[in-house]
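Chain A is fixed; fit chain B onto it per the hints.
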Amino acid sequence: MSTLDFVTVPVNVSDPMIPRVYRVLRTRWNTGDTFSLELVPQEGGDIPAFEPGQFNMVYIYGVGEIPISISGDPARRDLLIHTTRAVGTVTHSMSKLNVDDTLGVRGPFGSAWPVELGRGKDIVIVAGGIGLAPLRPAMYRILANREQYGRVVLLYGARTPADVLYRKELEQWRSQFDLDVFVTVDRATGNWRGSVGLVTQLIGRAPFDPLNSMAIVCGPELMMRFTTMELMKRGISGNNIYISLERNMKCGIGLCGHCQLGSVFVCKDGPVFQHSQVEHLLTRWEL
Amino acid sequence: MKTLETIVAKHPFFDGLQPAYLELITGCAANHVIKAGEFLFREGEEAQQFFVIREGTLKLLVQMPAAGEIILQTIHSGEIVGWSWLFSPYRWHFSGRAATELRVLTFDGACLRQKCDADTGFGYEFMKRFSRIMMERLQATRLQLIDLYQVRE
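Going down the list, the sequences are from chains A and B. Going by the numbering used here, the first residue of the first sequence is number -17, and it counts up by one from there. Going by the numbering used here, the first residue of the second sequence is number 25, and it counts up by one from there.
Any given hint could be a false lead.
Said to hold, decoys possible - Taking lysine-lysine and the BS3-like style, the derived pairs with C-alpha atoms no more than 30 Å apart in a straight line are: (1) A:Lys103 x B:Lys34; (2) B:Lys152 x A:Lys215; (3) B:Lys139 x B:Lys152; (4) A:Lys215 x B:Lys34; (5) A:Lys150 x A:Lys232; (6) A:Lys103 x A:Lys150; (7) A:Lys232 x A:Lys103; (8) A:Lys103 x A:Lys250; (9) B:Lys34 x B:Lys59.
If you're looking for bench data, these hints aren't it; they were derived computationally from the structure.
Only chain A is shown next, with the shape it has when bound in the complex (with noise of 0.2 Å):
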């Protein structure tokens, strides 16, 4: 078996190709750049299950495709829900979109962060910026069976206060006497309260065993690269080590190449992989 096989998920719909239609039940702001659809199908009926980290080719019609990962509660099977930032083509027309419009969605594709072999270990989250979105349903996961797992640990960082996403989650699970909830931004003003700092500063002082921890990374590459630095710095092995990467996603299905990255589909072997098994890759500046 190859030691991808472990993350990847198979393609459960019929035909990934065809997009299914979706029709928007409401959208939310969630920043001043960034913000959450939430979808039901047209024609009713639950959305395929999905696992946490894996994504979907959202279709706006005229515009054009692009992968956005799912950032809902893989629990519910009743609303899809994509978190993005309105920065090119298809998210600016897709943040215009109006209670009823429709769109489509092919997936869900690639593969998941592997919650379930962190059970009996402390969890390490760490986020970057719209990061936090791929890993939001991991941590739903993760409470939902919050008795499996160890210390959990939540590192978010973002370029200023006014970027921080799913602030009232946030919040909410900084509250939480069972989890660790460490905020950090880049940048700030006299009124902030909260850390200023890169999010691989928070590494050193966080609440974990890291002989007996999973992290589970996801932000800009250059953040996720010097994150997983810091994170075996504190002694945990790059095989306990789980990012995801983004590169041009088109087909979802490992068929037309355009993410391909090495030796390695990112849409099929990924988006989720075992650090040590793409650390090589990540630093080859000719791929």
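Structure of chain B alone, referenced to chain A:
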């Protein structure tokens, strides 16, 4: 003094130092409590100390006209702040204000500089430890300059 020695010896920054060196360092140390909102040091003032934050959070600040206070970094329990005492003209480049009540170990820089000059083995050991902190802060600053979470298309 015994308590102070124990506190110093247990801090990771001083980990592995020879007992004689620990004694030298402890001779330049004192315990202080700073109330929330008070300045530990201010930009432009003479810098003759460095600090180990034992408990609490310190904001490292700079004042910008029109923008007000900019927080450059927060320093937390167990961390070390201050290296302006190492280099002439020994002036603080930024201000440090207690975000919460702080318990700090204050180290007399002038005293330590003298001891580093008198015993270069001690000085080298001490500089290696400070260099590591400076390197880590420099690397973090470089990443902050990259603006990791900025939108790039």
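Evaluated hints:
1. A:Lys103 x B:Lys34: holds, 28 Å
2. B:Lys152 x A:Lys215: holds, 18 Å
3. B:Lys139 x B:Lys152: holds, 15 Å
4. A:Lys215 x B:Lys34: The hint holds at about 20 Å.
5. A:Lys150 x A:Lys232: Violated: Lys150 (chain A) and Lys232 (chain A) sit about 33 Å apart, past 30 Å.
6. A:Lys103 x A:Lys150: holds, 27 Å
7. A:Lys232 x A:Lys103: Roughly 35 Å separates the two Cα atoms, so the pair is violated.
8. A:Lys103 x A:Lys250: At roughly 27 Å apart (the allowed maximum being 30 Å), Lys250 (chain A) and Lys103 (chain A) satisfy the hint.
9. B:Lys34 x B:Lys59: The hint holds at about 25 Å.
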